[in-house]
Amino acid sequence: MNTIFLYNFSGLALFAIGLHGLIRSSHLLRKILAANLMSSGVFLIMIVGAYGTDKGMIDPVPHAMVLTGIVVSVSATAVALALVCLVQETTNRVLLLQKRKKEQGRRTDA
Amino acid sequence: MPDTAFWAVCLVVVPLFFAIICFVRSALVSILGPLAAWLNAIAALGMTVSFVHSGPVRYAIGGWQVPLGINFRIDGLSVLLIAMTAVTGLSVSMYASGYFSLRIGPAREQGRHQHQRAYFWPLWLLLWAALHGLFLSADLFNIYVTLEITGLSAVLLTSLSGKAAARLAAMRYLLVSLLGSCSYLFGVALLYRCYGILDMAVLARLVSPAPLMWVSLALLTTGLVLKTALFPLHFWLPPAHANALAPVSAILSGLVVKASLYLILRLWGDVFAQVLPLAAYLLPGALGCGAVLWGAVQALLQKRLKMLIAYSTVAQLGYMFIALPLIRLDHGSSAWEAVIFLIMSHACAKSAMFMAAGSIFLKAGHDRINDLDGIKEVLPVTSFAFVVAGVSLMGFPPSGAFIGKWLLLGVSLASGQWWWGIMLVIGSLLAAGYVYRVACHLLVFKAPFYARRQFIPPVMEWSALLLAVLAMLLGLFAGYPLGLLEAGSPFPGHACLEVMP
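Keeping their order, the protein sequence lines are chains U and V.
Under the numbering used here, the letters of the first sequence match residues 32 to 141, in that order.
Under the numbering used here, the letters of the second sequence match residues 432 to 932, in that order.
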């Protein structure tokens with residue numbers, strides 16, 4: 032019971048740390064890492080759910096879901112990294128610019 | 432004669448197959464893309480016809496049953512949304528083929544536009560396949576996967592225009608989308624832990640008030656609301672929709688936001704409807720009111736046409752959330768029918784507006800509203816399409832939005848919660864304000880000299896007009912979609928679709 036609680040708690044903590052990082056950090060790579068951390072937390076909670084059911088019985092369905100989830104998360108990370116490269120190419124920064132700076136970017140583009 | 436399940440599988444496989452082919456053979460996209468769009472439309476038509484004959488169906492792909500297999504649930508709601516996707520998608524595809532062939536014309540910028548076309552078609556077809564999968568899937572985890580594919584391909588479509596503003600908007604959209612789907616997945620994980628099943632029809636019978644269930648519902652709803660851009664969380668939508676290429680804006684505003692909206696309707700209107708107290712529905716209703724007001728006021732203040740249309744999407748999404756408490760209050764099914772009418776007519780009208788705005792942008796070289804005086808003289812069909820689409824958004828009879836608002840008004844008066852009705856009327860007045868503001872410039876004011884710098888292909892003008900007129904006339908064939916909806920409606924007051932576990 033205690034181990035299960037520990038796993039659940041770490042999953043929740045990973046999710047919370049990721050959420051904090053996604054909102055608070057300004058560098059895009061940090062944001063992407065934070066999003067990955069969040070999904071790792073969710074995967075951990077899913078896996079623990081498979082053990083928490085009955086004595087000795089392990090539910091295979093959450094494992095299948097986590098495998099699918101990992102594939103989805105890897106593709107999402109790939110898309111995000113490609114987009115970061117594009118943003119860096121056009122704005123020379125790896126930040127989500129604030130409003131004033133964004134308009135600057137638009138002006139140079141036009 | 433192929434049955435409903437055959438067509439449903441086609442609806443996912445055909446666009447997916449063509450997306451891959453288009454990606455590999457990018458030289459052929461100008462033929463393969465429109466071909467795939469027509470095949471999609473045929474499959475959607477086939478499914479609708481066979482649905483009318485044989486009614487709701489549940490189909491386990493490859494014979495694998497719940498919980499390991501992927502199950503399709505085809506009921507009235509899915510069929511109507513797929514028909515909407517087919518009609519809007521086909522028009523946008525026709526528009527896009529004109530749009531890209533026009534832009535590839537001048538030799539100097541050929542490289543960039545060819546690149547745009549080579550990536551537009553595979554991504555759009557992938558998005559289309561994901562939308563079909565989402566509307567057909569029966570369980571929440573498959574829906575997570577399709578939701579993620581929808582989000583990722585929509586983000587990449589947004590970034591296609593290559594401008595800094597579009598790429599930044601796409602980046603923000605991507606982060607919001609990742610956060611939304613992560614929250615959704617967390618909700619799904621907790622729900623599975625509670626009930627050990629994710630099939631929506633089965634869940635609807637199993638749910639009972641429990642702490643873990645509430646947390647999971649909150650996480651699911653937060654994620655979906657973020658992706659639907661409901662009022663306080665709408666910050667990412669206007670820049671993403673306004674800076675994308677014209678056909679992409681039409682797809683994003685017309686179809687992509689409907690995907691997560693559809694899920695919210697399923698969850699709040701069907702799966703959790705039995706356990707949610709009436710007071711809980713006040714929250715989405717109130718946020719919807721905020722969206723109607725804030726979106727419309729922001730639309731009135733915008734200087735650029737595409738920004739105005741994007742804020743109008745924020746406002747229109749508000750109506751569909753105002754409808755949630757009314758669906759709960761309603762004893763019959765008219766609030767439910769009203770939402771479907773609002774969704775379908777918004778998809779047609781908003782896509783038509785973005786397509787018209789794209790043609791105007793190409794013709795005038797900009798989309799500053801104040802400098803578009805009298806553009807009807809050079810673009811008569813497009814200007815007419817824009818105004819017709821705008822009028823149908825305002826909810827003039829016989830548009831679909833009129834039927835929707837009329838039914839909602841009736842329900843809100845009958846149930847005694849008249850304040851929702853007042854919000855509907857205020858929202859329509861504000862919509863009239865921003866539509867007339869554009870219409871004045873387009874139609875009434877005298878035209879300055881327009882250099883005829885771009886010839887707009889007729890297919891671009893007429894596809895926009897077709898959709899606008901469809902949105903306007905939707906109210907005239909009201910009975911037909913409503914009949915479809917009643918077959919297998921998941922909502923109280925109707926015979927529920929029988930589940931084969």
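Hints listed in this document are in silico derivations from the structure and should not be mistaken for laboratory results.
Check before you lean on any hint, since a few could be wrong.
[Stated by the list, open to error] A few chain U residues that don't get close to chain V, going by computed Cβ distances all over 10 Å: (1) Asn33; (2) Thr34; (3) Leu37; (4) Tyr38; (5) Phe40; (6) Ser41; (7) Phe46; (8) Ile48; (9) Arg55; (10) His58; (11) Ile89; (12) Ala95.
[Claimed, not checked] So the derived list for chain U, only partly shown, Cβ under 8 Å to chain V, looks like this: (13) Ala44; (14) Pro93; (15) Ser106; (16) Ala107; (17) Leu127.
What you are looking at is a predicted structure, and each value in this text was computed from that prediction instead of being measured.
Cβ atoms here follow ideal geometry from the backbone N, Cα and C, with glycine treated the same way.
Going down the list of hints, with the structure as the test:
1. The claim that Asn33 of chain U lies off the interface holds: its Cβ sits roughly 18 Å from the closest Cβ of chain V, which is beyond the 10 Å cut-off.
2. Residue placement check: Thr34 of chain U keeps its beta carbon more than 10 Å from all beta carbons of chain V (closest about 16 Å).
3. The Cβ of Leu37 of chain U sits about 16 Å from the closest Cβ of chain V, beyond the 10 Å cut-off, so the non-interface label holds.
4. Listed as outside the interface, Tyr38 of chain U is consistent with that label: its C-beta sits roughly 13 Å from the nearest C-beta of chain V, beyond the 10 Å cut-off.
5. For Phe40 of chain U, the condition that its CB be more than 10 Å from all CB atoms of chain V holds, with the nearest at approximately 15 Å.
6. Here Ser41 of chain U stays apart from chain V, with its beta-carbon at least about 14 Å from theirs, past the 10 Å limit.
7. The claim that Phe46 of chain U lies off the interface is violated: its Cβ sits roughly 7 Å from the closest Cβ of chain V, which falls inside the 10 Å cut-off.
8. Under the 10 Å C-beta cut-off, the non-interface status given to Ile48 of chain U relative to chain V holds; the minimum distance is some 13 Å.
9. For Arg55 of chain U, the non-interface assignment is confirmed: its Cβ lies about 12 Å from the closest Cβ of chain V, beyond the 10 Å cut-off.
10. The Cβ of His58 of chain U lies farther than 10 Å from every Cβ of chain V, with a closest approach of about 12 Å, so its non-interface assignment holds.
11. No beta-carbon of chain V comes within 10 Å of the beta-carbon of Ile89 of chain U; the shortest separation is about 13 Å.
12. Annotated as non-interface, Ala95 of chain U brings its C-beta within 10 Å of a C-beta of chain V; the closest such distance is 7 Å.
13. For Ala44 of chain U, the shortest C-beta to C-beta distance to chain V is roughly 13 Å, which exceeds 8 Å, and the interface hint is violated.
14. Given hint, Pro93 of chain U at the interface with chain V, holds; its Cβ is 7 Å from that chain's nearest Cβ, closer than 8 Å.
15. Annotation: interface hint on Ser106 of chain U holds; nearest CB of chain V at approximately 7 Å, less than 8 Å.
16. Taking 8 Å as the C-beta cut-off, the interface hint given for Ala107 of chain U holds, the closest approach to chain V being about 6 Å.
17. Residue-level restraint check for Leu127 of chain U holds (minimum Cβ-Cβ distance to chain V is 6 Å; threshold 8 Å).
This entry does not satisfy hints 7, 12, 13, going by the numbered hints stated previously.
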